[in-house]
Amino acid sequence: GQQVMQIPQYQHVQEGEDFTTYCNSSTTLSNIQWYKQRPGGHPVFLIQLVKSGEVKKQKRLTFQFGEAKKNSSLHITATQTTDVGTYFCAGRDGGSQGNLIFGKGTKLSVKP
Amino acid sequence: GAGVSQSPRYKVAKRGQDVALRCDPISGHVSLFWYQQALGQGPEFLTYFQNEAQLDKSGLPSDRFFAERPEGSVSTLKIQRTQQEDSAVYLCASSLRSSGGDEQFFGPGTRLTVL
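First to last, the protein sequences are chains A and B.
Read left to right, the first sequence gives residues 1 to 112 (the working numbering).
Read left to right, the second sequence gives residues 1001 to 1115 (the working numbering).
If you are wondering where the hints come from, they were derived from the structure by calculation, not from laboratory data.
Check before you lean on any hint, since a few could be wrong.
[Stated by the list, open to error] Examples of chain A residues toward chain B, derived with CB under 8 angstroms:
id, residue
1, Asn31
2, Gln33
3, His42
4, Pro43
5, Phe45
6, Gln48
7, Phe88
8, Asn99
9, Leu100
10, Ile101
11, Phe102
12, Gly103
13, Lys104
14, Gly105
[Said to hold, decoys possible] Stretch-level coverage of chain B by chain A, calculated; a stretch enters the list once three of its residues show a Cβ under 8 angstroms from a Cβ in chain A:
id, stretch
15, 1041-1052
16, 1105-1113
All residues carry an ideal CB built from backbone N, CA and C; glycine is no exception.
So that you can see chain B by itself, here it is in the shape it has in the complex (with noise of 0.2 angstroms):
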């Protein structure tokens, strides 16, 4: 079956641009997380969905990041006025259920380079 899909899988982006970043979960998951992971860093948590519901946006590192799932299946982080700082590969994952115990699946990610 199709796992976490991500796009698109590559941005470069000037200074200031905005961008716009897709994640497609497992069909039926309601549990949807996005994390931005540094060059040789863990995943560091940003935001988490159940279903179309924000339930945590504490790890969002400024009011330039903003995430969406309207629906409850795709989701959308969109930052604003991008920075060099923001470079690093953005991962979604999604999971089954809601309780907090479940394995999360992983996106490939999408790395941004903010030149």
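So here's chain A without its partners, still in its complex pose (with noise of 0.2 angstroms):
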């Protein structure tokens, strides 16, 4: 079946610095949706990506989608504290009718 894999699974850095996550999808993705999930919280979702090669970007957050619909990238620019938190990806295949497969996640911790 469908499978999404993120990378890393953690990563630490100093306040400032950058951080990025990757997923990557067994399959072709109709859409693929971030969401962050604080510690101790429930996932709230951050963005949703359609097109192929799209970039979105929120503030510090830039989010792409490749171009075979296969990846995605997630990349946040001089991280703050409020940064804290694991990081999704979730896809959807071009057959389902609704449901998301879920990465990981990638936990991201920042020192200030």
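Two chains, each in its own frame: build the complex with the hints.
Here you go:
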């Protein structure tokens, strides 16, 4: 079945450093979503990418969807302590009615 | 406005007991999803409802797991004869439409511990 792999599993950065997490799917995706889960919290939607090669920005966050629609990345510029949490990508393949397949997430810690 | 709510927030069950977990989605949301999240893992899909119809239950791990949404709003996930491997956080999410392209709004989850 469809698998979504995410690396790295953990990332520790100094405040002000950049951070990137990568997501790869075993199948072509119709769209991909990114969520953030703070410690002890629940996943919160960040963004959805639909088009091949799409790039979207939200302040210090940049999201990319690969040309083949099988990979995606999230890049955070100049991390802040408020960025702490686990970032999940979630892909939906073309044949799915609605369910998302989540990656295992990248847990980001930021040292002030 | 009110988000997705779940109850109870915490549940401790003895092995073999039955449990029922409730989800109140955002009013008017067509789609409802249940996920299981083990410690340090991503949410794993269990089942999906479009209104009252259960369109996908491929993620339910065994026939001990049963979900319903009889009136197309509130949903209940029932686990019969709980086992220790059922210990996890059970997340419910809803989305506005049925197109599959909407963001999902998650509830706070129910943390189930089976002793």
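Now for the hints, and whether the structure bears them out:
1. Asn31: 6 angstroms, holds
2. Gln33: Holds - the Cβ of A:Gln33 comes within 8 angstroms of chain B, reaching about 7 angstroms at its closest.
3. His42: OK, holds: A:His42 within 8 angstroms of chain B, min 4 angstroms.
4. Pro43: 5 angstroms, holds
5. Phe45: With Cβ-Cβ at 4 angstroms, under 8 angstroms, it holds.
6. Gln48: At 6 angstroms from the nearest chain B Cβ, A:Gln48 passes the 8 angstroms test, so the hint holds.
7. Phe88: 5 angstroms, holds
8. Asn99: Nearest chain B Cβ about 5 angstroms off; hint holds.
9. Leu100: 7 angstroms, holds
10. Ile101: 7 angstroms, holds
11. Phe102: For A:Phe102, the interface hint holds, since the closest Cβ of chain B sits about 4 angstroms away, which is under 8 angstroms.
12. Gly103: This hint holds: A:Gly103 lies near chain B, its Cβ roughly 5 angstroms from the closest one there, short of 8 angstroms.
13. Lys104: 5 angstroms, holds
14. Gly105: 5 angstroms, holds
15. 1041-1052: That given contact holds, which follows from 7 residues of the stretch 1041-1052 of chain B lying within Cβ reach (below 8 angstroms) of chain A.
16. 1105-1113: holds (count 5)
In the structure shown, no violation is registered for any of the earlier numbered hints.
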